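Colleague: Listed below, chain by chain, are the residues.
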Amino acid sequence: KAGVTQTPRYLIKTRGQQVTLSCSPISGHRSVSWYQQTPGQGLQFLFEYFSETQRNKGNFPGRFSGRQFSNSRSEMNVSTLELGDSALYLCASSLVTSGGAGAGELFFGEGSRLTVL
Amino acid sequence: GENVEQHPSTLSVQEGDSAVIKCTYSDSASNYFPWYKQELGKGPQLIIDIRSNVGEKKDQRIAVTLNKTAKHFSLHITETQPEDSAVYFCASFTGNQFYFGTGTSLTVIP
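Those sequence lines, one after another, are chains E and D. For the first sequence, counting from 1, position 44 maps to 44 in the numbering used here; every step adds exactly one. For the second sequence, counting from 1, position 101 maps to 101 in the numbering used here; every step adds exactly one.
Just chain D, with the same shape it has in the complex:
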């Protein structure tokens, strides 16, 4: 089955700096790659996604890149703010099922 690996597990950045979270997947049939943000005490919420026919997608300070050949995708957050502090999960979709990474706890230091 699909295996999604996510790194790093924890990340601390100064406010205003950039943050990058990387994920790899194993199933070449995976065709959809969302990123979810989970704040304390809440359920995950979609922040950005990318499909396999696109290499990059951007939404204001957030961007996702996909390298299908290398089977990896990354989340980029620029100009980080304290409210970006949360746990971020990557996921892949294949075989009618979502597979999630183990999460990255991002702390933005004011």
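Extracted from the complex, chain E is given alone in its bound form:
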């Protein structure tokens, strides 16, 4: 069974630009969540999608947005990039039910490393 696939793996942008990251979850997983990982800050929750609906959102500015498609693939977008947005962005899929976000194992991709110059 294929794991969670994130593209691109590495990218470099300049301040003010925007970026779109893609995530393909494990087949059958309908929940996709996104995390920002920076040194010393651990993993910060961005948002979670289930069946194309955003169910939960972390404490990030509106420049961070996402969406989920009918095949459960997800994208996140960051507009007007700032230097502080440089980070590893991790996507995780989960086999949770429709009854709520649920507490189950997260399966992470290898991440997209964004560098903002």
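Rather than coming from a laboratory, the hints here were simulated on the basis of the structure. Computed from a predicted model, the values in this text were never measured in an experiment. Where hints are given, some of them may not hold.
[Unchecked claim] DSBU-like, lysine-lysine: derived pairs with alpha carbons at most 35 Å apart: (1) E/K13 x D/K58; (2) D/K37 x E/K13; (3) D/K37 x D/K71; (4) E/K57 x D/K68; (5) D/K42 x E/K57; (6) E/K57 x D/K58.
[To be verified] Derived DEER-like restraints, expressed as beta-carbon distance ranges: (7) D/G55 x E/T80: 25 to 33 Å; (8) D/E56 x E/I12: 45 to 53 Å; (9) D/G55 x E/G104: 16 to 24 Å; (10) E/Q44 x D/I109: 30 to 38 Å; (11) D/D17 x E/L83: 20 to 28 Å; (12) D/H7 x E/Q17: 36 to 44 Å; (13) E/T20 x D/E56: 16 to 24 Å; (14) D/D27 x E/G40: 20 to 28 Å; (15) D/D17 x E/T20: 40 to 48 Å; (16) E/R9 x D/S12: 24 to 32 Å.
Idealized CB from N, CA, C, for every residue including glycine.
Use these hints to put chain D onto chain E, whose structure you have.
Modeller: Frame of chain E, contents of chain D only:
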């Protein structure tokens, strides 16, 4: 909101020794506590988890303990091996969201 604190941030042990990583949480409604291991260049991977109705769980060389009264949980790795070297994250689940600690970089010295 929930606050998860993790200590130590770095830990070095000799091969064969034990390693202990501790986490505290603030929200008494948290009910699920997983531990993830992240190797260099890879995404985190679940190694063990515990739910709030259990005090201890063990899986071979790895164990997790939970003290709900004190709101802390710990990861114990016995007989450490070089392949245990990685960054370990604790997490809690509450309010339909996971909250992660800041990570512990474990180095096992051969």
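Colleague: Determine for every hint whether it applies to the structure shown.
Modeller: Status of the hints after comparison with the structure:
no., hint, in the structure
1, E/K13 x D/K58, "45 Å, violated"
2, D/K37 x E/K13, "29 Å, holds"
3, D/K37 x D/K71, "22 Å, holds"
4, E/K57 x D/K68, "27 Å, holds"
5, D/K42 x E/K57, "24 Å, holds"
6, E/K57 x D/K58, "33 Å, holds"
7, D/G55 x E/T80: 25 to 33 Å, "48 Å, violated"
8, D/E56 x E/I12: 45 to 53 Å, "46 Å, holds"
9, D/G55 x E/G104: 16 to 24 Å, "21 Å, holds"
10, E/Q44 x D/I109: 30 to 38 Å, "31 Å, holds"
11, D/D17 x E/L83: 20 to 28 Å, "41 Å, violated"
12, D/H7 x E/Q17: 36 to 44 Å, "38 Å, holds"
13, E/T20 x D/E56: 16 to 24 Å, "44 Å, violated"
14, D/D27 x E/G40: 20 to 28 Å, "22 Å, holds"
15, D/D17 x E/T20: 40 to 48 Å, "46 Å, holds"
16, E/R9 x D/S12: 24 to 32 Å, "30 Å, holds"
Comparing the model with each earlier hint shows violations of hints 1, 7, 11 and 13; every other hint is respected.
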